[in-house]
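Engineer: Chains as they are written, first to last, in our numbering: chain A, 225 to 631; chain B, 225 to 631.
Simulated from the structure, these hints should not be mistaken for laboratory data.
Do not take every clue at face value.
In this list, chains with the same sequence are indistinguishable; a pair is considered to hold if it fits within one copy or across any two.
[As the list claims (entries may be wrong)] Below are the BS3-like pairs computed for lysine-lysine, each with C-alpha atoms no more than 27 Å apart in a straight line: (1) 594 <-> 624; (2) 349 <-> 514; (3) 578 <-> 509; (4) 317 <-> 578; (5) 624 <-> 569.
There are 2 protein chains.
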Amino acid sequence: MKEIKGGVTSPKGFKAADCAAGIKYQGRTDMAMVSSDVPCDCAGTFTSNVVKAACVQWDMDLVYSGRKMQAVVVNSGIANACTGKEGFEACEKTAKAVEKYANIPADTVAVASTGVIGMQLPVEKLTAGVEAMSGTLDGSTEAGTAASKAIMTTDTVNKEIAVTFEAGGKTVTLGGMSKGSGMIHPNMCTMLGFLTTDLSIEKSLLQEALSDVIKDTFNMITVDGDTSTNDTLLIMANGLAGNETIKEKNNDYYSFKEALFHVCRYLARRMASDGEGATKLFEAKVVNAKTKEDARTLSRAIVGSNLSKAAIYGCDANFGRFLCAMGYSGAKFDQTDVELFFESKAGRLQVFDKGTPLDFDEDFAVKIMKEDEVTVFVDMHEGSEEATAWGCDLTYDYVKINADYRS
Amino acid sequence: MKEIKGGVTSPKGFKAADCAAGIKYQGRTDMAMVSSDVPCDCAGTFTSNVVKAACVQWDMDLVYSGRKMQAVVVNSGIANACTGKEGFEACEKTAKAVEKYANIPADTVAVASTGVIGMQLPVEKLTAGVEAMSGTLDGSTEAGTAASKAIMTTDTVNKEIAVTFEAGGKTVTLGGMSKGSGMIHPNMCTMLGFLTTDLSIEKSLLQEALSDVIKDTFNMITVDGDTSTNDTLLIMANGLAGNETIKEKNNDYYSFKEALFHVCRYLARRMASDGEGATKLFEAKVVNAKTKEDARTLSRAIVGSNLSKAAIYGCDANFGRFLCAMGYSGAKFDQTDVELFFESKAGRLQVFDKGTPLDFDEDFAVKIMKEDEVTVFVDMHEGSEEATAWGCDLTYDYVKINADYRS
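So that you can see chain A by itself, here it is in the shape it has in the complex (with noise of 0.2 Å):
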């Protein structure tokens, strides 16, 4: 497996295009639709948080049918959520426009929508964006890169990539873009991503992969414990690589999911960074729990405390916020088995020993935590599984783009 330059329209078959509809931004794009040549064998998770968007709900309905899927169209400015019986007619009034100038059929078009909740969408400028960007769809990257542009929110980089892999003696594609930047603490994918791939592998088994990888990639990120109404992580398989249809875990189903990890751990870390006024990346790695649950439980409670995200905006060592993070997620251990490290491109300091704190240097602290990416280690002790969560520092940004978010 290898990262290229792309996103994606780098697989095989996939066009994007982007617009400026005016839905509530000024002055910037805010749909982006990308589709396919053929239809697409699909699959997705989305949010569990009860309160899911129309869009969700169409979504989940596309994908659970297991109809193929040709095109999805994404809006940012607005959620979709909350939205009543008006909210399900813009999913239907937006695929349908797809089907008028796309010529791809309403019924394999996924929608996907982010931005404020509890406000209904312009429906006319959502059809005129359509018909817009169904007379620009393009393969090229730099057509990939703009989608992955106008789907941003308060994100202040965007996010994609695109890797190859050999599946059956074929060169596969596999490209994906993400945003995301607050509301985000995914719990069965993340805000919105969206992958496309050449590989030929029946739906179950893309189900499967998908389902599987994101429990360690996009469920393990935190910016702010918010759930979203929206969630979505979308992948679309087109078969034009010419691989021999991946029907069992052979080989070629392996190399794609490596490449799936890849992809995914790749966004979701890169939203994680970018989230909401953050100035750092926040890595936690658990090592030897007990079992697989607990090192993501204890790892996703050090990066989700907003204390131990505090401390680790100003550089501080506190480490007790967390072990009291960890105390708090669930997971049953003894404090007095337990390690825990600061570490980073700064070098490596322990700080607590078994149940007993370290009397430690607090230059060397300040220089580790002070890079751009920090992470804190923990070795339990207490058996052999692992997990590494993302989150990012909380900042006095966060407070300011959030208590004023709608004007």
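Given chain A's structure and the hints, the job is docking chain B onto it.
Structural biologist: Here is chain B on its own, set in the frame of chain A:
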């Protein structure tokens, strides 16, 4: 029942003292002691955090063993959590100092600490403090107030209350003090709370009343979602009011429970509104939920959400965030049943009506949200249970306070 001026020294036979022991803070008091003239029946609730401070483990042993309690010694500045064997020795030495200087048996002395986790207590300063306080124990209202100030950390105001009620023809007094401002997300009870009463009541009923009352008081507040390693709530009942001992759930028991609820709710609300960096009290009231547990879960999720808290700070009626928080809380419900209102002294405004957003008056919404106490009122229309939770807004100052807490 009626409120009177006072606190922990208001019930008959209770005294308090404070001193500046120089544990971590300079130029302020940092130790308090509360004692009873006679041994007390006692009850307590403690943090559910797996990482329990040494003092919590000390107090749990005292309360659960069935021994009497006659004094409690509290320090602020250092939490005595994650301190290993040395931490337990600090508890023991403190209790022994009380025996030596105040002639109260060491095995009836509770200890409590609050402050930085992972630092050792300076035991000589603690025992010197006990010696000083043992000579100045005093039953005046002022002594109680001074004690409630000595236990503050980042609190901006002290928290104390006293009430009287009738039991068996006698006037009984119940007093209390608490502290807590950050790392507040009680689960079993809250940061530090100390209640005193001259009621005569059997220990098992005292514990039952306390455990029941905290469910709708201390356990319903949150500042930052971080459940402390040190949460401790203790009550001492010395029987000096002279009432016939309460041995069953008679009218006297319920009079006591009503007074206990009043005191605990007052202290809990005070802690929420004095949350680190807070500018206002943020209340969520959920009515007509399917179950009591659902009502509690939903109301806690609303006040616990960073995005909701930031919106409250910014006076932004971004109601979708409250619905989003309810949606990921774990409670099951149908958004098309839900009505949501904003309330304060300035008025009441409905913003969401059974699945559909309302076109509301933004100026009026801002007016409502500018008050010191803002309530999000949610009618679930799915049952008959209700609950109220309290929190505070998320501000720049929360980040500031916590980005460099140790310095």
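Engineer: Evaluate each hint against the coordinates.
Structural biologist: So, going through the hints one by one against the coordinates:
no. : hint        : in the structure
1   : 594 <-> 624 : both (23 Å within a copy, 17 Å between copies)
2   : 349 <-> 514 : neither (53 Å within a copy, 40 Å between copies)
3   : 578 <-> 509 : within (17 Å within a copy, 43 Å between copies)
4   : 317 <-> 578 : between (60 Å within a copy, 23 Å between copies)
5   : 624 <-> 569 : between (30 Å within a copy, 26 Å between copies)
Violated hints amount to a single one, hint 2; each of the other numbered hints is respected by the structure.
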